[in-house]
Amino acid sequence: MKINCEIIKDLYPLYVEGIASEASCHLVEEHIGNCEGCGKNYEKISNSEDDFRVIMKSVTRLIMTALSFSISILFLISVFVN
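Per this note's numbering, the sequence shown starts with residue 16, numbered consecutively.
Because the hints were derived from the structure by calculation, they are not lab data. Ideal Cβ placement from N, Cα and C applies to all residues, glycine included. Hints are supplied without guarantee of correctness; some may be wrong.
What the hints assert, rightly or not - Think about it this way: if two alpha-carbon atoms lie no more than 30 Å apart in a straight line, the pair counts; the simulated DSS-like pairs of lysine-lysine are:
no.: 1; residue 1: K72; residue 2: K59
no.: 2; residue 1: K17; residue 2: K55
no.: 3; residue 1: K55; residue 2: K24
Unchecked claim - Here are the simulated distance ranges between beta carbons:
no.: 4; residue 1: I22; residue 2: T80; range: 39 to 45 Å
no.: 5; residue 1: L91; residue 2: D65; range: 37 to 43 Å
no.: 6; residue 1: D25; residue 2: S83; range: 40 to 46 Å
From just these sequences and the hints, can you work out the full model?
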């Protein structure tokens, strides 16, 4: 079945997140295998998603480090004040 590229673009986020139905996943995979433009767009989206996850992991690690440092400082202050 020939699917419009706009429909495939609408399905990308669901497909990338893994929440699209099995039938929708099959349509997206079939279409991006046959349509060069949509295949390139999918690769860009996939790479952007991977980059976002790496950035979020780094930000989370930074926040946890700052939180641990703050708790340690508060503990030391409470020990020396009393």
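Here is what the structure says about each hint:
{"no.": "1", "hint": "K72 - K59", "in the structure": "holds (20 Å)"}
{"no.": "2", "hint": "K17 - K55", "in the structure": "holds (18 Å)"}
{"no.": "3", "hint": "K55 - K24", "in the structure": "holds (12 Å)"}
{"no.": "4", "hint": "I22 - T80: 39 to 45 Å", "in the structure": "holds (44 Å)"}
{"no.": "5", "hint": "L91 - D65: 37 to 43 Å", "in the structure": "holds (40 Å)"}
{"no.": "6", "hint": "D25 - S83: 40 to 46 Å", "in the structure": "holds (42 Å)"}
Going down the numbered hints, you'll see the structure goes against none, and every one checks out.
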